[in-house]
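Asks: Make a model of the complete structure from these sequences and hints.
The numbering of the sequence shown is the working numbering, which starts it at 43 and goes up by one.
Please keep in mind that the hints were generated in silico from the structure rather than gathered at the bench. Fair warning: there could be bad hints in the mix.
[Said to hold, decoys possible] Calculated lysine to aspartate or glutamate pairs in the EDC-like style (CA-CA distance at most 16 Å, straight line):
| id | residue 1 | residue 2 |
| --- | --- | --- |
| 1 | Lys320 | Glu288 |
| 2 | Lys281 | Glu270 |
| 3 | Lys52 | Asp105 |
| 4 | Lys67 | Glu100 |
| 5 | Lys72 | Glu321 |
| 6 | Lys94 | Glu176 |
| 7 | Lys313 | Glu209 |
| 8 | Lys222 | Asp253 |
| 9 | Lys299 | Asp253 |
| 10 | Lys313 | Glu262 |
| 11 | Lys61 | Glu171 |
| 12 | Lys281 | Glu321 |
| 13 | Lys61 | Glu166 |
| 14 | Lys94 | Glu65 |
| 15 | Lys61 | Glu111 |
| 16 | Lys258 | Asp214 |
| 17 | Lys127 | Glu141 |
| 18 | Lys318 | Glu193 |
| 19 | Lys94 | Glu168 |
| 20 | Lys60 | Glu168 |
| 21 | Lys60 | Glu171 |
| 22 | Lys103 | Glu65 |
| 23 | Lys87 | Glu168 |
| 24 | Lys94 | Asp75 |
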Amino acid sequence: MIQSMTGFGKASQQLPNKKITVEIKSLNSKGLDLNVRMPQVYREKELALRNKVAQRLERGKVDFSIYIEVTGEETTSKVNVPVVKAYIEQLKKVVNGDETELLKMAVRMPDAMKTEREEMDEEEWEPIEHIINEALDNIQNFRVAEGAALEKEFSTRIGNILSLMNETVSYDQERIDTVKARLQSAIDELKLNVDENRFEQELIYYLEKMDITEEKVRLENHLNYFMETLAGNEANGRKLGFITQEMGREINTMGSKSNHAQMQKLVVQMKDELEKIKEQVLNVL
43 MIQSMTGFGK
53 ASQQLPNKKI
63 TVEIKSLNSK
73 GLDLNVRMPQ
83 VYREKELALR
93 NKVAQRLERG
103 KVDFSIYIEV
113 TGEETTSKVN
123 VPVVKAYIEQ
133 LKKVVNGDET
143 ELLKMAVRMP
153 DAMKTEREEM
163 DEEEWEPIEH
173 IINEALDNIQ
183 NFRVAEGAAL
193 EKEFSTRIGN
203 ILSLMNETVS
213 YDQERIDTVK
223 ARLQSAIDEL
233 KLNVDENRFE
243 QELIYYLEKM
253 DITEEKVRLE
263 NHLNYFMETL
273 AGNEANGRKL
283 GFITQEMGRE
293 INTMGSKSNH
303 AQMQKLVVQM
313 KDELEKIKEQ
323 VLNVL
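Replies: See below:
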């Protein structure tokens, strides 16, 4: 079953002093374009994290984010008491004011707060890793669901192309009869004596150049191969893209050979269906 490259996964868990939330969003891309946002304290885990995401998601423009919401009493920001006291003493020399008002002014001054560097706790990383795995599971489930919708649409479009192709072929004999009649009429108008055998040979040669049997057989094979690939288990977005290119070549050749108004109209409809397939194939993993 195919997977879409478009997806969203989220997971969160409450730890003793903080809430950890992991969000993963992905869109289509030729390769893996991974953007990681995480707190500085966990940066040493980034390389292993990137490898994990690459292994699980394979392709796509992926935004990976870890958010921390502190829910306990601990904080990394502390009041720089000596600096604040020094500011208050200096302010007293400038104005006679209430100490509370002076304190409000002092804490807004540069260096009034200091941030202590937080060290990563390996025991804390273990539950975070579980949250990451849960978010990855969620985005993969999302991708599978999107892939199922794409597969249904592809099946409909392929069926439409096959139906249009068969309708195109149904006009083939009518087209040949029209060409024969037109050529015979032109010769009759010129009032020329024509060798019937020679005329038949030239007519056969001309009609062979207009014959679309080979294009029909190849297009039908490509349509079947597309559906077989669609049912495969491996990531196959690129292969589906290559098959649509081959389908396009055969449809274009049928259009150039058709020389028949109704057949050309059906070819345009086939091209329209194929373009819709190509647009969606870009989303397939």
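Asks: Does the structure break any of the earlier hints, and which numbers would those be?
Replies: none
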